[in-house]
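K.L.:
One line per chain: the protein sequences are A and B, in this order.
Under the numbering used here, the first residue of the first sequence carries the number 1, and numbering increases by one thereafter.
Under the numbering used here, the first residue of the second sequence carries the number 1001, and numbering increases by one thereafter.
Simulated from the structure, these hints should not be mistaken for laboratory data.
Keep in mind that the hints are not guaranteed to be accurate.
Stated by the list, open to error - With a Cα cut of at most 20 angstroms, we get these calculated SDA-like pairs of lysine to any residue: (1) B:Lys1276 x A:Asp101; (2) A:Lys157 x B:Gly1190; (3) A:Lys135 x B:Thr1193; (4) A:Lys114 x B:Gly1190; (5) A:Lys135 x B:Trp1280; (6) A:Lys135 x B:Lys1123; (7) A:Lys135 x B:Pro1203; (8) A:Lys111 x B:Gly1190; (9) B:Lys1276 x A:Lys111; (10) A:Lys111 x B:Trp1277; (11) A:Lys114 x B:Trp1277; (12) A:Lys76 x B:Trp1277; (13) B:Lys1276 x A:Lys157; (14) A:Lys157 x B:Trp1277; (15) B:Lys1123 x B:Leu1138; (16) A:Lys76 x A:Gln90; (17) B:Lys1275 x A:Glu139; (18) B:Lys1276 x A:Gly128.
Listed below are the residues making up each chain.
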Amino acid sequence: MSTASARTPKLGVQAATKVYQTASGDLLALDRCSLDVQPNEIVSIVGPSGCGKTTLLWSMSGLHRLTGGAILLDGKEITGPRPEIGIVFQEANLLPWRNLDANINFPFEIKGEKPDRAWIAHLLNRVGLDGFGGKFPRELSGGMQQRAAIVRALALKPSVLLMDEPFGALDSFTREEMNRLVEEIWLDTKTTIVFITHSIEEAIFLSDRVVVLTTRPGRVAKVYEVPFPRPRSLEIMATKEVFDLTNKIKMDIVGERVRPIAPERRSAEIVRIRP
Amino acid sequence: MSGGDAIPEFSKAKSADGQDVSLTNLSAFASGPGIKSGAEVAAILAVAVVIIGGIELALRIFHVPQYIMPPPSSIAYALFDEFPLIAPHLGYTLVELVSGFAIGAVVGLVMAAVITQFPFAEKIVAPYILILVTTPMLALVPLLILRFGFGYAPRIIAVALAAGPMVMINAATGFRRVDSAKIALARSYGASTLQIFWKIRAPMALPMILVGLMIGAIFGLLTAVGAEMVGGGFGLGNRLTSYSSMIQMPQFFAVVLILSTLGILIYVLFFLIGKKWASWET
C-alpha cells in the first residue's frame, strides 16, 4: 500500500484541455497539458503571458472545469473545490472589511468548523504576524497581506498548496523574503506546492522542478530539475549553474520571439546610454 | 464540461469597481463633515455667528417687517416658546418618516439583492426603476389622499415610494460590484450561494447600501413634509402651511429650523454608520 501510494502522484494532470467561449470565438487555453506533481514536491510553472498558467492552476483547484482531460488528486478526479487544496491568490485577496483574525477564520466560518487556534497561532508566528490579528488589510504592507493570505491558505492544513503568482505585485526585496518564507514553511509542513510565477529566478529558488509551458494553447514544453539542496540560500542564485538554467528557461519562453536589434539602432542606443 | 465560465482576469474585476451608474458615490463618506480640529470647529462657529449676527443687525437697521423676514432672535424665541406645541407634530412626521422609510428600504434592499442575481431581468427592469427614482412621489399624494384619506397612510406610502427606489438603485450598484477573486476564494472552501451572498456580496455592497439609505432617508423626509403640506391636519409640513397662512413667520422659521436639523441628523447618522462599518473602502 505504501509503495503504491508513493507511485501515485499527489496531483496528476492528464491531457488537460480547456476551451473558453469568448465573444470573439472559442479560445483554446490549454491543449492536452500533462504533468505529475509528486507528494512533498515544489513545482513551479512558468511560461509566456497568457499561456494558460492560471487556467491550469484554477483547474487544479477545482474552481474551473476542464473541457477535456482530467486532474487527479491522490488518484481521484477533481470535480470541484477540495478541502485538501489551499490556494494563495494573486495580490493576497484578503477581505478588506475583516481584520486579519477574521480573514483567517473565514475558511472555518464557511466550513462551519471551529478554528484551530494553536495551529493558526503557530502559522502567524512562523510568518511573523504575531500581534497583527486586529489589523485590517489596508493597514498592512503588500508583503504582510500576502503572509496573512498564506496563513489563511494553510489554516485548514491542506496537503496541496496552489500559489497563483502570489508575489507578482511585491518589490524584489520583499519577494525574496517571501520566497525564503515559502521554503521555510515547506520545510516545516512538507506541503506539496504548485507555484505559478513570471519570475524564473523565483521558480528556480523555490522549486524541485520547473515546468515551462508553451505559448497559447498551453502545453508542457520542458521540465527542468533543480537539484540544489535545501534550505537554499540566496547565494546559490549567483552561481553559474543557476545563471545557465535561468538563461535556458528564458530562451524556452521568449527565445523564438526575441529579434536581434538592428546594428545601427543598437549603436544609437549605446551612445544614448553613455553619460 | 461546458467552457462557459469566464477567463480569470482580475484587472477586469477592478475596473468594474469604478462607480458608474450610481446617483452618488462613496466620496459621501470620504469627504463628508470630516471636522478635524478645534480651529476648524471654531472657524465654522465664527462664520455662523457672523452670518446670524449680520442678518439680525441688517433686519433691525432696515426695519424689515416680521412678516417678510423675522430676525434670528425672534425665530430662536419662537422655537423655544412654541416648541411644546410643535413637538407632537415633530413626532407625527417622525412616525411617517421612520415607518415609510423602513418599508421602502426593506423592499428596495430585497429587490436590489434579488434583481442583481439575474442580469437579464435587471436590464429589463432598469428603465422602470429609473422612472420610479426620477418621478417626484409627491405628485401622487393628492391621489393617495383621495384613496386613503387624511391619516398616516398616504404619507407613509409616499415616503416609502420616494425612499425605496433610491435605496434600490444604490444598493443594486453595490451588489453589482462583483470581485471574482473574492467569490473564488469563498467557493474554494465550498461556500454555498447563500454564504457567498452574506459573506462576500453583502459586505462588498454595504458602502453603497449606506449611501442609498442616506439618500433614501433624506428624500423620505422631503416627501413626508411635502405630503403633510398637501393635506391633513398634522405634521411639521402642516405646521408650515398653517403658520405661513397666519403670517406667524418666527414660528414658521422655527419649524424650518427643526426640519433642517432633522436632515442634518439623518446625514450624520449614516455618516457615522458608514465610518464604523464601511470605512474599509477608503
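K.L.:
Sort out which numbered hints this structure fails and list those numbers smallest first.
P.N.:
3, 6, 9, 10, 11, 12, 13, 14, 15, 16, 18
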